Structure formats: C-alpha cells, structure tokens
Amino acid sequence: MSAFVWMTVLTALRILGRNRLRAGLTMLGIVIGVGAVIAMVGIGEGAKRAVQAQIATMGTNVIIIWPGATTVSGVRSSQGGAVTLTVADALDLRKKIPLLAETGWAKRDAMQIVNGNKNWNGPINGISPSYLTIRDWSFSSGGPFTQADLDSAARVALIGQTIVDNLFEDGEEPVGAVIRIKNVPFRVIGVLAPKGQSAQGSDQDDVIFIPFTTAERKVFGTAFLGSIGAMFASTDRAEDLPEAVDRIREVLRARHRLQGEQNDDFTVKTQVDIGRVQEGTSQTLTVMLFSIASVSLLVGGIGIMNILLVSVTERTREIGVRMAVGAKRGHVLMQFLIEAMTLSLLGGVIGIVLGVIGAKLTTVVAGWPTVISIDVIIVAFVFSLAVGLFFGLYPANKASRLNPIEALRYE
Amino acid sequence: MSSLIECNGLWKQYRVGEVDVDALRGLSLTIEQGEFVAVMGASGSGKSTLLNILGCLDQPTRGQYRLDGIDVGGLEFDRLAEVRNRQIGFVFQSFNLIPRTSALENAQLPLFYRGMSLSEQRGKAAAALKRVGLEGREQHFPTQLSGGQQQRVAIARALITAPSLLLADEPTGNLDTESSREIMTMLEGLNREGITIILVTHEADIAAYAQREILLKDGQLLSDRATRRMPGIVEV
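Read top to bottom, the protein sequences are chains A and B. This note's numbering puts the first residue of the first sequence at 1, with every later residue one more than the last. This note's numbering puts the first residue of the second sequence at 1, with every later residue one more than the last.
These are calculated hints, taken from the structure and not from any lab test. Just so you know, these numbers come straight off a predicted model, no measurement behind them. Watch out, some of these pointers could steer you wrong.
Unchecked claim - With a Cα cut of at most 30 Å, we get these calculated DSS-like pairs of lysine-lysine:
| id | chain 1 | residue 1 | chain 2 | residue 2 |
| --- | --- | --- | --- | --- |
| 1 | A | K195 | A | K182 |
| 2 | A | K195 | A | K118 |
| 3 | A | K328 | B | K124 |
| 4 | A | K182 | A | K96 |
| 5 | A | K182 | A | K118 |
| 6 | B | K130 | A | K328 |
Pulled out of the complex, with its shape left as it was, chain A reads as follows (with noise of 0.2 Å):
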C-alpha cells in the first residue's frame, strides 16, 4: 500500500507540475484563505499579548474598589461622584481581612505643575505609599516616599517619565528639583521607570505621585477629610482574588450599614475582570476570522473539485486503462484523493509560508506586534488536508464509478 502512496504522490504532483498555471490558480483560493488567516491571527494573536501585557502593568493580583454613585434627590452623580470611601474604609479592610497583602488608596486631580518657566498640567494623584507597591511601581532614579511622609504630611513628589520630558531640559537633573504644584513647592524625590499606555490606552507615565495627606490639606482643599477616590488592594494569589473580592464586599457593606436590598455604593473590580473586557473583543475578532477562513476554505475547496472533475473528464481513459490493468475502485478512488489532498495542503503550505511573511511584514512596516503560534500552523495544515479530502470526495466517487469499457472507449 505504501509504495502506492508513494507513487500516487509522485504522479499527482507530476500532474500538478505539468500544468502549473492551472495548479496555481486552483490552489489560489486555498492559499489566499490560509495566508490571511495565518497572518490575521498573527496580527491578532500580537495585540492579544500585547493588551496582556499592558494589564501586567496594573500591578499583580490588584483589586480596585471605586465609590458609588450619589442620588441626590434622585439625581444620580457619575461614579466615583460620592465620597462613600474612605481612609479608615482602607485601613479596616487592611486588618480584617488576611487574605489581602496589601491596601492603598489614592485620589487624583488635574493640577498646573510649574517648573522654573515651565508648565504641564497633569494628574495629581496623593497616594498611600504601599499604592505603589500594589501597582507595582519602580523607579528610573531616586525613591519612594515613605510613611513618615505621609504622616507629616510632608511635600515632595514623584514624578513620571512624561512630566520629566515637559518640565524638564534635556540633562537637568529632577531628582532634588523643586516644582510647584498649585503654587506649593514640592521637592521632586524619586523619577518613576516608564511603563507605557495603560490598556484603556492612556498615558500611565504622565503622573504626579505626592503623600495623600500633603494632596487633601495642602493641594486639592477637600471638604470631607479622609475621603478619597480610589481604593486598592492585592493579594498574594491570583487564585484568592474572588475570595478577597467577596470578602471586601461584606467589610464594606457592614461598614456602611448597607441593608439587604440596597446596593453597593461601591464597585471592586479586579485586574482580571478588566483584562476580560478585552479578551472579550478578541474573541469577537476570532469569530470573525474563522468566518473568513471557512468562506475562503469553502471557495478554494469549491476550486479543487471544480479542477478536479474536469481532470477525471480528461482522463477518463487513463482511468479505463488503470481498471484493466487491475485498479480497484478504491485505487482509482484513492489516486483522486490524493490529487485532490495534494493541491490543498500545496495551497496550504504557500499560504501558510506567505501569511507568516504577510504576518512579520506588519511588524516591519506597520510596527505591530505578531505572534505566529505553531498550533495555528498545525491547524491550517490539518484544514487544509481536511479540505483536500472533502472536496476531493465527489470527484474521486465519480472517478471510481466509471465503466471500464466506456472509460476506455472515451475519446
């Protein structure tokens, strides 16, 4: 059986290589079916990754809680418009819940930052300093603030890569500089390692870092002390996040006193909820090109049989001399078959060479990330060979049923 294979293969592709032209534009719809799907999931498989890695910069394992919304009078504010959380809101969530490695909590504002003839209006955030730890800050030069900062409400800042470049000439030293924000002079102590855009897209490196106490007495003037517009939290285990999640539910509802029926005037979202939004959108990106890849599968599928029932037309008498010879009708079934599954996976193989090319081509030109997973390689081959096969059914059935005689009457 073997050396049938072996030689049904060679003959097919004998076949093939006498009539290139044709070969060619059969394989056409294969080829151009499989490429774009290789490069299409390479394209996508890229921003995939790349969006996780944005959401790597969050922090590891972080919990984020916002305050609710307020209704006043049955006007409803946007979220984060009440003061429903607080410090003491952090600190008791800290201590009665162990499965929490950490708790920080910040509060942001847009504020005008001055240094020497140099203005940049950037987002104020007064942070507790484990917030750093939490998201997972590091530093390019200088360091942290620490607790006897926050508790002296002490005036120094961190700075981001962002506010660097536009406070700052090209060589001036920041760490030790004295910038102004809202007029309250604050010595610059540490510059924060860059980490990019955030996976909403923003610009993460353009932000000003400042003890929470020095932002509520000395920079934003809140009303209500204590109150503040973000709280976060991390565990030591990805796996204790809906645990932890669940927990800082029933801490907060107790804390206040919300009964049975009211909602949460909070919201906890994890890192993990927020990456799903965006794999959400990767997935309606693959549906979409399994949509393209069975339509082009189908039309080059289509192309082969078309091909090939021309080919059995053309040597009908081939056939009838292979079946006096000796063919079975599974031999003469099989030969068509494998003619058939030759120019799929052919088709298969420059589209999967071209898609990968297609795929680092982006890259190059457009700067897109693309990964080429050899599972999708695996699977285009098997897609291709499967196609081979199904299409190559009818004609291979219709070769298989000739008549012998009439086949070798054939003119």
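Fit chain B to the known structure of chain A by using the hints.
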C-alpha cells in the same frame, strides 16, 4: 485439466436509449491453453463485446464464462479487477499508454496495483521492456516513441504480470504495414512461449498469424476453423 476458456450460451443485452440490443446471442466457445485465436466479424457482430467479457471488463447478461476453471460470472468489480491484474493482459488499438509518463512507468502499471515494492516493480518493468526490444528507451514518453514502439510498451505492460491470456483488440489498427508485421511477429513469438492469445481484427492478413479463426455474425458463431498457417511454420 480444464480448458483455459469455457463459454456456455453467452448472451449480452444492451439498452441503447429505448431499444434493447442483443450483442451476443447464446455464444458457446472453448479455448485451450496455448492457442492463438483470431476473432473476426463485421462491425456490430459482437466481437468487441465478446472480448470485453473474456477480458472480465464486462459481465454477460446470461450464460456462463469459466476462466481457468473459475466461474467469473458472479464476481464483483474488485474481484474482477484482481482477475484482470493476475491473469489477463490487454493490448489496444490505440495503445492506451498513460500520456506524459515514461515507458518504464507505463509498463510498471499493473504491478502498481499489487503492492509490490518500487524497486521490484522497476526491475520487472525494465525486463519486460527489454523483452519487447525497447532497452534504453525506459525514460521515453509515449510522444517520443513511434506507433510500433508505443504498442510494444503496451505489450510489455500486458506481459509484466505473466498472464495466461493476452487479449489484443485490433493491435495493428493504427500501425503501418512494417510496424504491424513487427507486432504480429512478436505476438506470434509470445504465443510460441506458451501465452494464449485472442486477437480481434477485421484484416484477414493479420488474422492469418493465428492458428484458429472464429467468425462472428449477429452475436453468434458463424464459423470456427483452423487457419492455413500451422503452428511452427513461419512465413516471411
């Protein structure tokens, strides 16, 4: 020992459009191992139908056909394919070589369906081509060979399985006189080596190479006689 071919009351009915055509009408025939038989008759006399049935390409509507003692009448397609592969060699008027395929691979074709190893196939095909005098032309394509040479490739293909029966359907119909003579001399030689040959022709001088001549008319046996040529006498 039984005869190679035993036909009893062969009847073949075709349906052509709305009309039933009886191509064979109760034909009975016995051919012994080693005979060289020419089947003659006008077109429509049933000689092609007879050859198809003898070659196991077709089945009789009624009647019995025993090849080498085996009743092949009731066999299904794939069993008949095996019988053709092992016991029968075909030589056609139009050679029927596979186009754009080397002489060697054409000769190899029947072995292809036997699951024999490639090297063994090639060796046997080369030997068969040598036997028909085509040594050195193994890699030629049919288009690079003359008509006579193509027919010799076809004979090599028929011989490669060492069949007991060689069926030749007007083997010289597309050949010039010189090539015809060559081919017929070759068949004669093969017959002398023991192969049974049944030759369909409508040319009397070709039929004259055979020892026995069967004349068909309207699907029935009209005459069955020995030709003037007796075995062993070679006329040039």
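Enumerated hints in conflict with the structure, sorted upward: Number 4 - this is the single hint that the structure violates.
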